[in-house]
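A.B. asks: Take a look at the letters that make up each chain.
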Amino acid sequence: MSTNKVIDACGSFCPGPLMELITYMKQASVGDTLELLSTDEGSAADVPEWVAKVGHEMLGSEKIDGVWHLKIRKAK
Amino acid sequence: MRILVVGGGTGGTIVANNLARRLSAEIKTRKVRLTMLTASDRHMYQPGLLYVAFGQMTPDQLYRDQKSLLESNIDFHVDPVEKFMLDQKRVQTKSGKTYDYDILVISTGSRIVPETIPGMAEGAETFYSEASAVKLFKKLREFEGGNIALVVGVPHKCPIAPVEFIFSLHDYLKMRGIRDKTNIKYHYPIGRMHTIANVATWAKPEFERMGIEIETLFNVKEVDSENKVVRSEEGTETKYDLLVAIPPHKGMEVIEQNNMGDGGWIPTDRYKLTMNGHDEVYVLGDTTNLPVSKTGSAAHFEAEVVAENIASIVKIGTPVRDYDGKVYCFIEAGHDRATYAMFNYTTPPDLKPASKPMHWFKTAYNQMYWTSVRGLL
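If you're matching them up, the sequences are chains A and B in order.
For the first sequence, our numbering assigns the number 1 to the initial residue and increments by one for each residue that follows.
For the second sequence, our numbering assigns the number 77 to the initial residue and increments by one for each residue that follows.
Because the hints were derived from the structure by calculation, they are not lab data.
For clarity, every value in this text was computed on a predicted model and none was experimentally measured.
Watch out, some of these pointers could steer you wrong.
What the hints assert, rightly or not - So the derived label-pair ranges between C-beta atoms look like this:
1) A/K76 - B/G221: 35 to 43 Å
2) B/R187 - A/K76: 23 to 31 Å
3) A/K71 - B/F437: 40 to 48 Å
4) B/R252 - A/S2: 27 to 35 Å
5) B/T105 - A/S2: 54 to 62 Å
6) B/N223 - A/A75: 49 to 57 Å
7) B/E310 - A/T3: 19 to 27 Å
8) A/K71 - B/A101: 49 to 57 Å
9) B/E302 - A/A75: 48 to 56 Å
C-beta atoms are modelled at their ideal positions from N, C-alpha and C, and glycine is treated no differently.
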């Protein structure tokens with residue numbers, strides 16, 4: 001059964017939002033959805049870049065009250 | 077009031093010593109009992125492993141007896157916890173003893189898990205343990221030129237270590253007169269050469285000056301030591317003669333075995349440093365699931381907050397301050413220069429140019445650490 005997990009990486013300069021996503025992606029199962037919260041403006045570009053390169057699925061990206069909500073499904 | 081500290085690394089030792097002094101009167105009159113349970117009677121200064129890998133320190137210089145670092149009013153036992161019974165506010169140790177608590181501090185740390193990446197444990201050198209750092213130094217000393225590749229697992233302790241290793245490697249090979257016979261390739265998991273943007277901005281031209289090849293978006297998938305090739309999740313590969321890995325980490329097995337957090341990382345409130353759903357359980361250092369660097373520095377600053385808050389709970393019935401995400405990391409930039417990165421949840425680091433005085437400060441801190449864990453610095 002797939003699960004949804006929220007990763008709060010707001011205010012993280014190190015390890016940073018993308019590194020946090022990679023950590024949790026390794027723990028997730030194929031089909032799981034991860035929602036990354038980030039206050040780093042760079043996340044809007046570097047997260048989709050990594051997701052596309054590795055072959056996962058970008059489900060959505062929107063900024064709400066200064067926080068990026070990036071939804072990704074683990075595909076492999 | 078029974079305060080129990082589980083784990084005797086940087087965070088646990090600082091929190092225990094800090095509490096021992098803040099609550100000395102209460103401990104003396106037996107209103108408070110402060111107990112520490114650890115897995116080892118020795119304490120290692122882990123940042124020193126980088127120096128061991130380059131023959132600049134020997135392993136014996138990295139250790140002190142744990143008991144010698146602790147205030148005498150701490151009830152100290154080498155008897156690691158195997159069961160956490162949080163609902164009963166009780167733990168059970170390896171020897172079978174049980175300890176009840178009113179406040180629990182968990183600082184069990186993290187461990188390397190190279191075996192989670194096929195071939196890494198057998199095919200890559202590292203410097204995240206005493207034995208591996210010595211082995212790597214011997215390999216480097218025998219090295220006569222060729223391709224050295226550095227790869228980085230996720231998550232990992234001391235996020236600045238990959239950058240420091242490359243600086244030190246460049247200087248070491250120059251000193252041995254074989255830098256011009258060696259290609260160094262640095263691989264990093266995300267799309268820039270360090271996760272801290274300002275560190276990447278500072279280090280990239282330095283790497284270019286040293287002739288270091290950089291490949292970003294490289295997450296290690298497997299190490300093929302037979303063919304001396306390391307492959308990435310992103311579909312690329314690098315041939316090597318000597319492969320050095322920053323291994324991926326997990327929290328301690330006891331945390332997973334007690335179902336206290338995926339990957340061994342305990343879900344923790346980022347400001348209070350309490351375990352989610354358990355206000356009487358504090359978590360610090362590598363053990364948390366916080367988006368904060370897994371370093372002794374983070375554990376140090378977290379420990380100060382935890383100790384102040386626990387002491388305040390004893391004295392006035394309430395905690396008094398929040399953790400602001402503070403981390404301070406030295407960055408060695410070779411054998412005679414260093415800089416530092418300091419940041420918190422709201423302020424990014426502002427890197428200064430590397431300098432000799434900062435390297436001397438770091439060298440001094442390698443000894444001052446023992447004062448730091450005693451809670452005096």
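A.B. asks: Can you give the numbers of the hints that this structure goes against, from lowest to highest?
C.D. replies: Checked against the structure, the hints that fail are numbers 4, 6, 9, while the rest are satisfied.
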